[in-house]
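Visitor: Order-wise, the sequence lines are chains R and Z.
Under the numbering used here, think of the first position of the first sequence as 1, with each following residue one higher.
Under the numbering used here, think of the first position of the second sequence as 1001, with each following residue one higher.
Calculated from the structure, these hints are not laboratory results.
Incorrect hints may have been included.
Just the calculated beta-carbon pair ranges, DEER-fashion [said to hold, decoys possible]:
1. Gly1215/Z x Asp158/R: 24 to 34 Å
2. Leu1174/Z x Pro220/R: 21 to 31 Å
3. Asn33/R x Gly1171/Z: 20 to 30 Å
4. Ala151/R x Leu1175/Z: 30 to 40 Å
Among the chain Z residues that face chain R by a calculated CB cut under 10 Å, a handful are [unchecked claim]:
5. Val1051
6. Gly1119
7. Val1122
8. Trp1182
9. Gly1201
10. Gly1215
11. Ser1219
12. Pro1223
Residues from chain R that keep clear of chain Z, each with C-beta distances beyond 10 Å, as calculated [said to hold, decoys possible]:
13. Phe74
14. His127
15. Arg179
Keep in mind the model is a prediction, meaning the values are calculated, not measured.
Just so it is clear, CB atoms sit at the ideal spot from N, CA and C, and this is done for glycine as well.
Protein chains: 2
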Amino acid sequence: MLTMSTLPFYDGRGMARTARSARKPRRPYHHGNLRRALLDEALATIRDEGVDALTLREIGARLGVSRTALYRHFADKRALLAAVATEGFRTLRQRLVTAWEEGGRGPEAFESMGIAYVGFAVENPSHYRVMFGGFVEATAYTPELATEGAAAFQALVDALAALQRNAIVRGDDLLLMARFVWSVVHGVAMLGIDGQLPERGAVEELMRYAVTRLGTGISPDRPAGST
Amino acid sequence: MLTMSTLPFYDGRGMARTARSARKPRRPYHHGNLRRALLDEALATIRDEGVDALTLREIGARLGVSRTALYRHFADKRALLAAVATEGFRTLRQRLVTAWEEGGRGPEAFESMGIAYVGFAVENPSHYRVMFGGFVEATAYTPELATEGAAAFQALVDALAALQRNAIVRGDDLLLMARFVWSVVHGVAMLGIDGQLPERGAVEELMRYAVTRLGTGISPDRPAGST
DNA sequence: CTTCGTATGTTGCCAGTGTCAACATCAGGC
DNA sequence: GCCTGATGTTGACACTGGCAACATACGAAG
Chain R
1 MLTMSTLPFY DGRGMARTAR SARKPRRPYH HGNLRRALLD EALATIRDEG VDALTLREIG
61 ARLGVSRTAL YRHFADKRAL LAAVATEGFR TLRQRLVTAW EEGGRGPEAF ESMGIAYVGF
121 AVENPSHYRV MFGGFVEATA YTPELATEGA AAFQALVDAL AALQRNAIVR GDDLLLMARF
181 VWSVVHGVAM LGIDGQLPER GAVEELMRYA VTRLGTGISP DRPAGST
Chain Z
1001 MLTMSTLPFY DGRGMARTAR SARKPRRPYH HGNLRRALLD EALATIRDEG VDALTLREIG
1061 ARLGVSRTAL YRHFADKRAL LAAVATEGFR TLRQRLVTAW EEGGRGPEAF ESMGIAYVGF
1121 AVENPSHYRV MFGGFVEATA YTPELATEGA AAFQALVDAL AALQRNAIVR GDDLLLMARF
1181 VWSVVHGVAM LGIDGQLPER GAVEELMRYA VTRLGTGISP DRPAGST
């Protein structure tokens, strides 16, 4: 239906975007789907102006709704940010799974996952920061966030497990190895986001290099005399 | 003139720390070394209560000084945070250099650097977040911060260069390889800080594993037939 | 020693923020 | 047709970062 869904990296946020601009003059007292609209507006604000620029009053005003209407759908600002983070993990997981499956579920697909991971972070730096920047402190407070975060990580674990079954990667403890891989992509992503890789194309270059070296690092030991 | 300037790596924090508790009743109008005291108080607050809890009024009150006295020493709150970050990079660099030199400047020393890096981050999570969490946006605004950050990274580059000269690591582009190593430790540190490795000892375990796999990843290609 | 400019610290004040309590409006089941 | 709960509004409060005007004290110049 939506032609933009054919763009590989588009996450479908445009749907809500249209609803955002459709502010009818008749202004029904009840918004209909305010929670979703609030989330989308927060997402857009964070993407466009950063996390600090997110203010409950303005997001309300932008939706033509009062400043405290938000409290009927989120406990407080942190809860809103937690929802934003949850949404981010969902999108991230989706991109990872897509990269894995469309890449053929092999070593190249695994590399694609790495590229996709860093790509998501670099394309949505503020959003990524909400997910990892310590804005939502204890994940225990918001179980849904913990669940979605774990699911995104699981996509990585599953792919790695498949490679392990085919002896493409070492037989080490799966969780440990997955966490190592995660550290690498997360590290590259964070450095890129924070402007520590200022040269043009530096993030991509580093990512390519990291993927190669990572591949060497987690490949099985070559038994003496093997081809 | 100042005797503490003779200590190579000492940043004089101890002095101010005593001045912090020594709040004489006579309350001289001029504080003497308020800038240093403000920085230390900010550091302490960030460490104890997190970045969000840092408020200019409270830090002033805690020093027995008015809320706006700070503006005679820092342009605004971001400038204070930038100074905190600068201090962090200085300390981090010191720990890295110490680990490298006391470890014998060999492969083991390099591993010690990794441990020291993650150790610093995990022991001072909030401080580390100020350094990398996007609180001080463009490093161009505060050249001193950029300098100190580059110096910390340079410690890593220098160590890696030494290993490269001895053919202990590959002959790849030095900057690229250093950035890769940085990504790994930074990634482990960030995941640890964000509570993504909840089990007790998980950070250390991951760090040990990462160091091992990283070593394999950046070791030179074995020419066919070598021992 | 006095004088005085300047660095340093203070007080009053402002707009803006998150959040709560009290009130208003509506939708849907009896 | 009425009432109950869900949803949205208004008023208020404490708190924040920051500015302008004022107060104080150090140190150099006479």
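Visitor: Confirm or reject each hint.
Guide: Here is what the structure says about each hint:
1. For the pair Gly1215/Z and Asp158/R, the supplied restraint of 24 to 34 Å holds, since their beta-carbon distance comes to about 27 Å.
2. About 28 Å separates the C-beta atoms of Leu1174/Z and Pro220/R, a value consistent with the hinted range of 21 to 31 Å.
3. Checking the proposed 20 to 30 Å range against Asn33/R and Gly1171/Z shows it is violated: the Cβ atoms sit about 58 Å from each other.
4. Look at Ala151/R against Leu1175/Z: about 36 Å separates their beta carbons, and that is inside 30 to 40 Å.
5. Annotation: interface hint on Val1051/Z holds; nearest CB of chain R at approximately 8 Å, less than 10 Å.
6. Interface hint at Gly1119/Z: violated, since its Cβ lies 15 Å from the closest Cβ of chain R, which is beyond the 10 Å cut-off.
7. At its closest, the beta carbon of Val1122/Z sits 13 Å from a beta carbon of chain R; the interface hint therefore is violated under the 10 Å criterion.
8. A least Cβ separation of about 7 Å between Trp1182/Z and chain R falls short of the 10 Å threshold, and the interface hint therefore holds.
9. Below 10 Å, beta-carbon pairs count as interface contacts, and Gly1201/Z has none with chain R, the closest being about 12 Å; its hint is therefore violated.
10. Proximity of Gly1215/Z to chain R holds as hinted, the smallest CB-CB distance being about 8 Å (cut-off 10 Å).
11. Interface hint at Ser1219/Z: satisfied, since its Cβ lies 8 Å from the closest Cβ of chain R, which is below the 10 Å cut-off.
12. Given the 10 Å rule on beta carbons, the hint for Pro1223/Z is violated: about 13 Å separates it from the nearest Cβ of chain R.
13. Consistency note on Phe74/R: stated as away from chain Z, and its beta-carbon is indeed over 10 Å from all of that chain's, at 18 Å minimum.
14. The beta carbon of His127/R is kept farther than 10 Å from every beta carbon of chain Z, the shortest such distance being approximately 12 Å.
15. With a cut of 10 Å on Cβ distances, Arg179/R falls inside the contact zone with chain Z, its closest approach being about 5 Å.
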